[in-house]
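Mind docking chains B and C on chain A? Use the hints.
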Amino acid sequence: MPNKKMDRRGFLVSAAAVLAAPAVLRAQQVPAKPDRLIVNASGGDMGNAVLDAYGQVFTERTGIPVEMTSPHDLGKLRAMVESGNVEWDVTEISGDDGRIAVERGLLEPIDESIVDLSAYPAEARDPYLLTTSVYSTVLAYRSDVFTDAKPRTWADFWDVEAFPGRRSLGGGPEDNLEFALLADGVQLAELYPLDVDRAFRKLDEIRPHITAWWDSGAQHVQMLVDQEVVLSSAWNGRIFNAVGKGHPLEISWDGSSLHRAYFAIPRGAPNLHWSQQFLAAMTDPQAQATFANQLVSPGLNPRAAEYVDPTLAPYLPTTPENMQVSFWQDDLWWSQHMAEIKNRWQRWILG
Amino acid sequence: MMASQEGLSTQAEGTALKIRKVTKRYGAVPVLNGIDFELREGEFLTLLGPSGSGKTTLLKIIAGFEHSDAGRLVLGGEDMTRMPPSRRDIGMVFQNYALFPHMTVEENVAFPLRMRSVPRREIPGRVRQFLEMVDLGEFASRYPAQLSGGQQQRVALARATVFGPRLLLLDEPFGALDRRLREAMQLQLRELQLRLKLSTIFITHDQEEALIMSDRIAVMRDGRLQQVAKPEHLYRRPVNEFVANFVGEANILSGTVAEDGAGRRCLRLEGGQMFPLPASKGTTGQPLSVLLRPEHPSPVPPGDEPDSTITGRISKVIYLGTTIKYLFEAENGLELHFRRQASHREEVLPVNTPITLGWSSRDLHLLQ
Amino acid sequence: MTSTAFTSAAAERPFGRMMASATPGRSLLLLLPAFLVLGVILFMPLLDLAALSIDGGSFGPYVKALGDPLYVRVIGQTFQIALISTGICLILAYPLAYFMATTSPRLRILCLLLVALPFWTSVLVRTYAWMVLLGRNGIINRLLIDNGFIAEPLPLIYNKAGVILGTVYYLLPFMVLPIFAAMMRVDRQLLLAAEGLGASAVRRFFSIFLPLTLGGIGAGAALVFILALSAFITPALLGGGRVIMITNLIYTQVSQVLDWPFAAALSVLILVATIVAYSCIGLLTRRRWN
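Line by line, the protein sequences are chains A, B and C.
Residue 321 in my numbering sits at position 321 of the first sequence, and the numbers go up by one each step.
Residue 319 in my numbering sits at position 319 of the second sequence, and the numbers go up by one each step.
Residue 34 in my numbering sits at position 34 of the third sequence, and the numbers go up by one each step.
Think of the hints as simulated: they come from the structure by calculation, not from any bench.
Small disclaimer: the values here were computed from a predicted structure and weren't measured.
Where a beta carbon is used, it is the ideal one built from N, C-alpha and C, also for glycine.
Some hints could be false.
[Unchecked claim] Straight-line alpha carbon distances no greater than 27 Å define the calculated DSS-like cross-link-like pairs of lysine-lysine that follow: (1) B/LYS197 / B/LYS18; (2) B/LYS21 / B/LYS230; (3) A/LYS342 / A/LYS76; (4) B/LYS230 / B/LYS197; (5) C/LYS160 / A/LYS245; (6) C/LYS160 / A/LYS342; (7) C/LYS160 / A/LYS33.
[As the list claims (entries may be wrong)] Short derived list, chain B residues pointing at chain C, Cβ under 8 Å: (8) ARG25; (9) ALA28; (10) MET83; (11) PRO85; (12) PHE100; (13) HIS102.
[Stated by the list, open to error] Computed from the model, here is a short list of chain A residues facing chain C with C-beta under 10 Å: (14) ASP96; (15) ALA218; (16) GLU228; (17) LEU332; (18) GLN336; (19) LYS342; (20) ASN343.
Chain A on its own, in the form it takes in the complex (with noise of 0.2 Å):
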């Protein structure tokens, strides 16, 4: 399900046969409170908007504050879970490490009698994972640079000719086998299973160019604003921040790639009602749109539509048109690839 790219049409018809859901009073007996709440996720602006978004909205209800930890880490996880000592009520476990955290038995099943998703549509619900926010892997470019012919498409970033400059892509195998098979020429609806060789052929044409393999968000932005590259894959919501600081930055939604980040419970997690409360306050629509203003990273509950910032919306990644050209990175088959893959990467990196 979540391996097709989510088609458009389904995704508005399941959006528009919501009903408000009754809200669902409970006379069982509800665990002690804890003194505190802990929540990890990504550091640095994605933990503070968790935290201003949900984790108000949890306390509101509950009484109980949120801490925020950094950064989620699937070995971490492991060794958690494994070893029996759970530190974390909540954690983000986005893209491919949610579905190997699944596949591995990590987490939790999410209890829906507590998190509502029946608004949700289909695609978007699984019984592990929540999917809380949207974000996409774009083209972005210095639009200083790049006045007359902008780059659109990822055939465009391989054109070293019609677009003459230093490059950067991320430091990992995830996204950039997508974004070469594009350039090649394969279709957005027939990208999975990927043609690994076809990708890794097509890699080898940029290689030159590329200056250097991010390692981070903040990494990428800081090698755009410096004039280190004028062309390089990066994350919507940082390139938006960065625009709002000023800096000529622009972005292609042309092939980006559309990625959920999860949030779920780790097995054994001490305070496994309150966690499975604190998703709920993820569901709650005010309390997304609140997280897409900041990040423009968008939360699957339909009516958080009506309260996210209008003005925003050619920069969300979920505005039909731009999804419309987007693909939706599919996590199980990086899940099951993964280690084989990443092996292929650092030879080759290392070429």
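The following block gives chains B and C in isolation, referenced to the frame of chain A:
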């Protein structure tokens, strides 16, 4: 204050080192003030003085580790006032020995030879010879940390002499040793120095050590040379009260020159007593101090009539084995001390024994 | 663990003597709590790690690590970078430490503060600062271009040189401080003695000063080498994703691929290599004379 230098010009031997009007200040504080003396070839000269008298600074200037502000140093006829220490050919033994901790005894002693590019095959024999001279033949391959203080001292001595220096300097080398070791080392050093005919300057603040070892002693105080003389001369004829007190024990009698009824020149103390002076020096009324060493006053036996006497009582007795030290208090409050050879024929006088002390005017030495 | 061994070897002699006077039995008894704590918090996890690396009773992870040219190359590159960084640190630190040891006390304190300054900022912040400084449009390239020394910006980061530069920068204090401490312990009188015995400045340095500060060099080199081996952030950011060090490899295996036995095997290999390197440095700079 004038420094007196006896008999320099009459010596037949050559001069090893000339120090001419050496002056040194640290900021505004003068540390050395016109130091001026000569060291003869093969002579063992001791710089004696309390701490802060400038003796170590003088030694550093001779070694070249510090520069004088004024004055000259002439070593074996060569002006070395501005010569770097590494070219002076001076052997120095430091207070804390300054042995190289990462080198064996053998390597330490070989060091000055290697620095002088002595042919490689000559070095081991030479080193061995000097180590044997200081009885350390078996310790050649040890490290300094594995040696006792006395042994380290001897390594330092061998290292400072092995290359045949023009001058040997020793900065309170025995300060850290216990008494017995110290005495043994004093003998060994003197023996070595005589054997190698080394011109040597030795620093100590211990007057007894200075008297035992030296050909001549230079007494320093507050950056000035007080007197340079042979030990016995220094003891008998110190130029001033400071030297008299610093070298040996001293009774200093101060008063004015006067004349007694018999027309003899006398010293009149404040209390009015008169003691005849050895020579008819000075004019009446002039202030004067004289030295009376404690071995000179003695209880006056019946029938004997020395030219100076004083009566009082014993106020303290200190038994020292071979000698007995008495503190004497005269009826008018004047205090003197005197020594007696311990003898089974003579009883130790108990405290408060009334006694008359006497001495000859010849025993008095006039101080400046 | 290993670093304490070195600092104590370089410790002052009087302390060593003081300790030597205690009976060996009693001093061992005093060490018991340390042994227990180290045993529990250090050796147990290490044993666990070793056990994990042969999980399933095979040496497969080791065969994989040493049989695959990729991993051999990463290990080789890691050692190369650590070694070069250590060398550069030494060349920079020794004169700096010498200046600090010989200058006035006031200037010395200032220098110590400056040297220790990087300790007070996070590695991440420092590394980003380097990116700003060394980039194509960074301060250094700007200065060089504006003054006409070069026409095109020099590639100062996103390559091996950038990693080495960053590593040297953040590890320099670990080299300076032990060497500085060793220099402060050198008895100045030994240098005077050597001078008086006829040694020129050059020979005083090579015969006396250098050997006496070798302990500090050993301690510093060991610290820097081992920290450089385990550097993670610097290569990740300043290497532009091209310089893969063994820690990056281990991280990938632990956190992304979840092949823990293999990660454990890589860790054990780097640990063994570290111990070997450590012993070599120890032998080279051992103080025989105590």
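Okay, the hints, checked on the actual structure:
1. B/LYS197 / B/LYS18: Distance of about 18 Å is within 27 Å: holds.
2. B/LYS21 / B/LYS230: Roughly 22 Å separates the two Cα atoms, so the pair holds.
3. A/LYS342 / A/LYS76: Status holds; Cα separation ~19 Å.
4. B/LYS230 / B/LYS197: 18 Å, holds
5. C/LYS160 / A/LYS245: Measuring from Cα to Cα gives roughly 33 Å; hence the hint is violated.
6. C/LYS160 / A/LYS342: Measuring from Cα to Cα gives roughly 21 Å; hence the hint holds.
7. C/LYS160 / A/LYS33: 52 Å, violated
8. ARG25: For B/ARG25, the interface hint is violated, since the closest Cβ of chain C sits about 20 Å away, which is over 8 Å.
9. ALA28: Violated - the Cβ of B/ALA28 stays beyond 8 Å from chain C, reaching only about 20 Å at its closest.
10. MET83: 12 Å, violated
11. PRO85: Holds, because the Cβ-Cβ distance from B/PRO85 to chain C comes to roughly 5 Å (cut-off 8 Å).
12. PHE100: Holds, about 6 Å.
13. HIS102: Constraint on B/HIS102 satisfied, holds at 5 Å.
14. ASP96: 9 Å, holds
15. ALA218: 7 Å, holds
16. GLU228: Cβ of A/GLU228 sits 5 Å from chain C, so the hint holds.
17. LEU332: 16 Å, violated
18. GLN336: Status violated, d = 12 Å.
19. LYS342: For A/LYS342, the interface hint holds, since the closest Cβ of chain C sits about 6 Å away, which is under 10 Å.
20. ASN343: 7 Å, holds
Hints 5, 7, 8, 9, 10, 17, 18, counting from the list given before, are not met by this structure.
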